[in-house]
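Chemist: Sequence:
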Amino acid sequence: MKVGIVLEGGGMRGLYTSGVLDYLLDQDIMADYVIGVSAGACNGVSYVSKQRGRNFRVNTSYLNDKRYLSLNNFIKTKSLFGMDFIFNQIPHQLDLFDYDTFLASSCEFKVGVTDALTGQPVYFDKTHLNYDSTIIKASSSIPVFSPIVPYQEGEYLDGGTSDSIPVKQALKDGCDHVIVVLTRDRSFIKEPESFRFIYSRALKKYPNMIKTLDNRHLMYNETLEFIKQLEQEGKATVIAPSHPIKISRFEKDINKLKELYELGYQDAATQINKIKKLKD
1 MKVGIVLEGG GMRGLYTSGV LDYLLDQDIM ADYVIGVSAG ACNGVSYVSK
51 QRGRNFRVNT SYLNDKRYLS LNNFIKTKSL FGMDFIFNQI PHQLDLFDYD
101 TFLASSCEFK VGVTDALTGQ PVYFDKTHLN YDSTIIKASS SIPVFSPIVP
151 YQEGEYLDGG TSDSIPVKQA LKDGCDHVIV VLTRDRSFIK EPESFRFIYS
201 RALKKYPNMI KTLDNRHLMY NETLEFIKQL EQEGKATVIA PSHPIKISRF
251 EKDINKLKEL YELGYQDAAT QINKIKKLKD
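Under the UniProt record's numbering, the first residue of the sequence shown carries the number 1, and numbering increases by one thereafter.
These aren't lab readings, by the way, just hints derived from the structure by calculation.
Hints are not guaranteed to be accurate.
Taking CB as the label site, the calculated pair distances span [to be verified]:
1. 197 to 70: 18 to 28 Å
2. 70 to 246: 17 to 27 Å
3. 235 to 74: 39 to 49 Å
4. 84 to 229: 20 to 30 Å
All C-beta atoms, glycine included, are put in the ideal place defined by N, C-alpha and C.
Start from the sequences and build out the full structure, keeping to the hints where you can.
Modeler: This is the structure in structure tokens:
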């Protein structure tokens, strides 16, 4: 049985995912396949490289560093998050990402991005992360809050805008069972984007991207229904916050982030018997 892990994004809500994946590493559980978007992709690479605790460190050690998250960044680079700092300086100088272990792992990895010209999702495998984090940066580039990222011949933005929970791609890639890690509780229903006035003007040269953002809530909620169907068929295991998450994707309160990480760790533990049976 090919077991895959599907990782939702959510900015700093991704600390929940960090807790889930660290628990799986502590239990010596490595999936056959991992796919993630945005913060999910950031967490996924450290899981595949078996760097337990790395994403927790990266997301909490630099909270008070203006290079990480600040209005100063936005003024200078049009991004609240310091994209060069996060995706270049940290993995290559400050908290080294183990590219060798990542690339050598038998676990398949894919990251989803959104083509800014077509508004459609595009998926890249680990060969595109050959000592380069550009495609992870692209998947994490939130429209309006981060600039479009050029890569090869394309222009890309946050993968979560066009495929927030890429479970269908995991199935397309041959997964028999998917462990879906959400960063919202199971009662969550996504509403239309609240900043249309802003993004419709900021992205006026990218009409298909605007359409994607307009319809994002529909895609998201339809995907949640599809995941429920997979659960009923015994093809999915869902790990989601056991109570509503009350932090923003730009959260800087270290105590709230620690609590979220611990919640992910604990929620994963409640599913461990089922997950171990999948790998037997």
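Chemist: Determine for every hint whether it applies to the structure shown.
Modeler: Now the hints, each set against the structure:
1. 197 to 70: 18 to 28 Å: Distance hint for residue 197, residue 70 holds at roughly 24 Å.
2. 70 to 246: 17 to 27 Å: Check passed, 22 Å falls within 17 to 27 Å.
3. 235 to 74: 39 to 49 Å: holds (42 Å)
4. 84 to 229: 20 to 30 Å: Given a distance of about 41 Å, which is not inside 20 to 30 Å, the answer is violated.
In summary, the structure is inconsistent with hint 4 from the numbered list given earlier, while agreeing with all the others.
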